[in-house]
Amino acid sequence: MQSTAHDFKGNVGAALADPNLQDSLAKLKTGFSERRRQAAERLPEFEALRDRARDIKNHALANLDFYLEEFERKVTALGGQVHWAPTAEDARRIIADLCRGVGARTIAKSKSMVAEEIGLNEHLEALGIAPIETDLGEYIIQLRREPPSHIIAPAVHLTKDQVADTFLEHHSRLGFTRRLTERNDLVAEARQVLRQKFLDADVGLTGANFLVAETGSSMLVTNEGNADLSNTLPRMHIVLASIEKVIPTLEDAAVLLRVLARSATGQESSAYTTLNTGPRRPGDLDGPERYHVVLLDNGRSSVLGTEMQDMLRCIRCGACMNHCPVYGAIGGHAYGWVYPGPIGAVLTPQLIGVEEAGDLPNASTFCGRCESVCPVRIPLPRLMRHWREREFERHLTPRAVRQGLALWAYLARRPRLYRAVTGIANRALALLGRSDGRFGTLPLAGGWTRYRDFPAPQPGGTFHAQWKRGRWNRGRWNRGQGSRKR
Amino acid sequence: MSGGPDEDRARILNGIRRSLQRGALAGDPRKAAEARLAEPPRGPAVARANLPPAERVELFCRWAELNNATVARVSAAEVPREVSAYLARNNLSAQAAMAPSPLLADFDWASQKMLSLRRGRAEASDQASVTGAFAGIAETGTLVMASGPDHPVTLNLLPDTHIVVLRENDIVGGYEDVWRRLRERYGKDCMPRTVNIITGPSRTGDIEQTIELGAHGPRRMHILVVRE
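Here the protein sequences line up with chains S and G, keeping their order. Per my numbering, residue 1 is the first one in the first sequence, and the count goes up by one each step. Per my numbering, residue 487 is the first one in the second sequence, and the count goes up by one each step.
Excised from the complex, chain G in its bound form:
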């Protein structure tokens, strides 16, 4: 029977130390572990995560499409029109929940008279969402969403259709580049509450190992890659 939280904690930690035949980590091994946390060493370099910028954008788009997202390469001025057009092409109503992000505020949404945007978190009734992205990862065509007041997590998950606006300059090579950017933006000791790393629409292979899209998250993902 357990003796309370402190005893349980000590029991596990002491059990580990007894098995490893040492006391609490000390001396050089401790310094090595602390150094690893302070300056995390990278794993083997992956060639396709280390391409020059133009090829990086190409690779991002290719993998995003292979992972069942659709991609449109547009200028900043074309963003509002492409959002409207995408919804129309897919026979969806011209309304969406949009992230209250300064990154999205600069686009000329008023140019789309028919498009109705509500800024805030997603509700169960929302059919589509529009968000920015903290970064794109070329290696696998993956999007990175950092939660915060300007990017509610529900926008990434609840609506059937997720439209993402991603600037070319935010497309990085691999995961390690995202970690570096997160540390720069938020500080090394304070990750955002949720970092959603998303590759294509939701899917499942749970029935006969055959992939079906739209399990619980979005059924469609459309990425607007914005030229700089």
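Just chain S, same shape as in the assembly:
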């Protein structure tokens, strides 16, 4: 997928001005995030499970080579085959070769963010192989030739009416000529169209939520059942997964499953959790004859052992974006590449470079909600801060910002000068803003005042001045601190 992350500011402008997107995003506040809160409350052990989930992933990462080899050994023993892809290009080549090897014309594809990451669909299409997305959201955006805007709800940016228009445009030639208005009718029509595609597909391609080293199983979590049809009906099943998906045992999977669905959609359990281990066995009446797992590195191994390793714990639940005020305002497409939201702001500079995606980690208020809901406790604000530092070090920050920061740093290191300058500025602003109490425009602060007024300072001087006079007595200060959750 071609990145537009370098034009983040332009993307944001377009997103804020898109009324359909803003309607869709408004539903996030009452949808996923509220349901997550209720699900977490229903399970008293939820916080302990999050701690354990973090520890499991840390353990798996510290022993990643061992568990990957164990996983491979088990897959091979049961008749499957593991392929190792150091780069996105390698993974595309391996999958294309597997498909051509069975003369595949169509592929039933179950939603995979790793497939988006390596640009698999475009590659297969260029070779004359048609990938058909079967997850409903993913199918909708494939028809619209759009990238996903959310890692678990790829069409969350669209309204029902937009989906209805898309279906009418693409399904009318299949005989579905009525424009639908109800959600359940839209779901039923997609089911009907896609059912035949499942039956006709030569290859089923899925991702994996987890790879279990103990048993050599790929584990998939879905709600629709499309992944299961994809890995049951065609004669070949290809699993595409990145290396950090491997976990040691089924017991570890149980812990991760308990936090995954609750964090993602607020469900107690997703409708389908499926373990696939090797190809069809003797005597089986269905199932694929060939089973392949493609393990993708694409730069992940180089993150191990660094201060950024924590990002590899991610289990792709989407909770960080569901709770992010920035994602909630601009949606997923503005981030410009595959992974949006806080985790996208951390992963994208790693995967495609800080030169391309350096703006993404700046799109954070550091409110910390992402970290507070992450089921594997990834310190997302710290990781974003890391990228900001890398961006600054490499002189990628705009000159005006660098000069502003340099000026502030100069003053901040000289307390008397700082107090003198802020005192003058404070008095001047208080005087000028005396009549309205706020500013509609202000020199050097256009970025702020374009969208909201800047409050004029209240009488009493700067915070420093007030502190010195003892106006902030101890009790009041403590109360102020106490209202913050620690």
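Source of the hints: derived by calculation from the structure; they are not laboratory data. You may find that some hints are simply not true.
Claimed, not checked - Covered by chain G, according to a simulated footprint, are these stretches of chain S (three or more residues, beta-carbon under 8 Å):
| # | stretch |
| --- | --- |
| 1 | 28 to 38 |
| 2 | 65 to 78 |
| 3 | 136 to 143 |
| 4 | 255 to 266 |
| 5 | 278 to 292 |
In this text, a Cβ means the ideal position worked out from N, Cα and C, and glycines have one as well.
Given chain S, work out where chain G should sit, using these hints.
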């Protein structure tokens, strides 16, 4: 450019080891990892996955219904009649594809003169299926289906209506109890080809985050919990 499968494999594994600043896992860390695979440690105990048997069955039924399945608690003798009655109640024709499982063979299907059952995998034209279940999980009202000659996977997925016969004794507390049973039945080194862990009918929230049932798998799931 890649140098071939073996080089690609070595490149990834060596990259991991270089980043972790060690060679192949050895010594005590390796023993610890091997021990973890041999005797998997359990995560934090979840109270509702550890109830006594009677409460476990109640909890299973409650969560299954909250997840949009329907539940009927029946005796073994009542199973064939309940299957017929369920199809009739939902205005479905009295025919189904049934798993060729010995567990289902013992019921007196001949008592239902109008009911037509075909044993085998599901075809695209099948409207309903009848299967057993390897286990039920009380914690979330979830069913576990282990694939094999006696339980084709298509029966769990293709028909619009899935009727499941589950014995009370097969309802366990949590996921960990299922893993233990799988290891006992199939051996530690040989999982069934597919284990479908299914909670209620198929669903999607992909249009406006609103749940709709029957996305790609069954639209309805009816569970017959059989008293022992």
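Here's how the hints hold up against the structure:
no. : hint       : verdict
1   : 28 to 38   : holds (count 3)
2   : 65 to 78   : holds (count 9)
3   : 136 to 143 : holds (count 3)
4   : 255 to 266 : holds (count 4)
5   : 278 to 292 : holds (count 9)
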